[in-house]
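Enquirer: Listed here are the chains, written in short residue letters.
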Amino acid sequence: MDQLLQHLLNATVLGGTYALLGIGLTLIFGIMRVVNFTHGELYAFGAYCMYLLVMLLNVNFFLAFFLAVALGAALGGAIEILLLNRLRGADIDTTMLVMIGAWIVMQNAEQLTWSGVALSVNSPFPADPLVLGPMSVSWNRIYVFAVAVVLIGATYYFVNRTRLGKAMRATFQDRDTAALMGIQIDRIHTATFALGSSLAAAAGALLGPVFVVTPTMGDLAASKAFAIVILGGLGNVVGATVGGFILAFAEEIGAGYISSGYRDAMGFVLIIFILLMRPTGLFAQKERIG
Amino acid sequence: MKKIAVLAAAGLLAGSAFSGAVAQETIKIGVTQPLTGAFAASGNYVAQGAKIAEDEINKAGGVLGKQIQLIIEDNKSNPTEAVSTVEKLIQKDKVPVLIGAWSSTLTLAVMPKLDEYQVPMIVETSSSGKITTSGNPYIFRISPTSEMEAKAFQPLVAKMGIKKANFLYTNNDFGIGSGAEYSKMLKANGVEIGVMETMDPKATDFSAQLAKIKSTGGDTLFVTTAVEQLTLILKQAEEQQLKVKIVSCGGSNSPDQLIDQAGAAANGSYHTAFFPPWFPEVTKNPDVAKRYMDEWKKRGHNVGGLTEGFRGYDGVYVAVAAIKAAGKPDPEAIRKALWGVTVKGIYGDIHFTKQGPAGKESGQNVPVVYLVTIDNGKVVRTKF
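As they're listed, the protein sequences go chains A and B.
Here the working numbering runs 741 ahead of the position in the first sequence, where the first position is 1.
Here the working numbering runs 951 ahead of the position in the second sequence, where the first position is 1.
The set of hints was computed from the structure by calculation and includes no laboratory data.
Because the structure is a prediction, the values reported are computed rather than measured.
Possibly wrong hints are sitting among the right ones.
Said to hold, decoys possible - Restraint ranges, calculated between C-beta atoms of paired labels, are given here:
id, chain 1, residue 1, chain 2, residue 2, range
1, B, Asn1009, A, Phe803, 51 to 57 Å
2, A, Ala811, B, Ala1011, 54 to 60 Å
3, A, Met922, B, Gln1192, 42 to 48 Å
4, B, Gly1291, A, Asn799, 55 to 61 Å
5, B, Tyr1068, A, Ala887, 55 to 61 Å
6, B, Asn1009, A, Gly830, 55 to 61 Å
7, A, Asp832, B, Gln1018, 52 to 58 Å
8, A, Asp834, B, Arg1250, 41 to 47 Å
9, A, Asn801, B, Asp1326, 49 to 55 Å
What the hints assert, rightly or not - These stretches of chain A come out as covered by chain B in the derived footprint (C-beta under 8 Å, 3 or more residues):
id, stretch
10, 858 to 872
11, 957 to 965
12, 1000 to 1008
Note that beta-carbon positions come from the ideal geometry of N, C-alpha and C, so glycine has one too.
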């Protein structure tokens, strides 16, 4: 019983960060239909920003988080303007190849700049965990969970309730009609990519201090983010959130009671099962054509 | 017709003279290491150590009157890439001897190529038993096997008061081999084995495994993985209030980096080491160790990498000793010569004994294994 409680607590905290990774990608992959291989590198970028700001420049830990998110948005915007803007209307394969190239360049640039040695970021939280009866959880993870929940809520509100969010959804549903309605679609593309990227950077900036920062940290994060997006249904913020928690619970319970060696496989087995039942994902709207 | 034949003969002569001149310049040694990817940190340290040895040897006049030249290829921490690097080094660069490939999985991947092209390889890091027992006569390992490591640990079982042990190891040849050897040794010494948990080599969250280990009970946790995951395991074990002795196996644990990155969570943990730069005077050849350490520091390399870099350093010295004994840079002559060499290295007095099926034995060195403890942010030799 004690073990189960600890597993559930771990899964809840982990789910928050998975959800954050998922919604960042669902905006780009689901709404923009760009297979964004740089998502994991934006995640690593956020973590390296924290290292640079907190450990090398002695910036306040919480201020550094906001700066990392802003820098992530700026980098995402730059990628969109420099690479994707020129590929508007290109087929999905071309865009995919360019994004794979960008991913390789970014990962190797991280290694060139920071070397392959893992770096760690000190957090201002007490080292002793919060103990709740038989369970315990670190203060840093509680902070990560709280910020993730706030960001998920803010993104949901932004996409579904604001004018800009509405313009985004309109652009990706029907670009030509949106343009005719006076929406500046180039700006919408850049803004969406920057927003999605800033969420990936936020996830990295939150988890960098929990884990260690390495040039390859983005690979696993990206593969999980893609799984979450597909599970939740492309372009659906609620779907990505629920998908993130489902993946976390499947991994945690699967590793705890079935086999830890297949921890990462557990989540994917569950995803295959769900997709067999609901091929468009849990929350996808009916596919729009045209 | 005659004129053409003369020209052709002249061309052939010129050609052979030219290739002879090139061969005279240097003797090449191929190195395959993970310079990028998951094991990039360690692979770069090994390459840095190898380069120190290369420069020392060349400054002292090289071997067989020629300078040596390391050709270092990046296997990208990926077994498929590792095979490509070995193909390239043998086919294109024509190296007569190789050093590599850091992780057990990478080494096992390239072994069939050594058999195919009949070129010997000095294995500087990998610990999986399979490497020297599978009947590949081109393998000469200077690093200890997991079995040797477990055996070296045996006297400490009673001293540490281990009654029930749990395991957490990375799900690859290195981790699985180490888990099997240590659990076998512990069982033979009357220790109860709780759970044997595994983790993906790329995983960063071990909360599920640690919760399970905590609920199983036990006094000691044996962990086998490289330093990155070990850092996280120490931190997360503290977060989950897992109050057991943690022993890290495998020797790729860089205690200096753990102190730096895991902070207080590293205190009280035990680590196997194959070279202890904190007290080099206890090694078999302290003068060699000191020379290597001085040069490492002079070059401004990360001191946390000293425990990996020496593997490349020793590897190059062993390769050169074999080339010298063989009298020519020829793969088969070097393979035969490797059986006879003794090299005063940091791994000790390196020489090879036979392991594996008769007629196809691999060479295996028997190095010393040290156990160290992190005590208040300092690495000390474990004392009882």
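Enquirer: Which of the stated hints cannot be reconciled with the structure, identified by number in ascending sequence?
Expert: 3, 9
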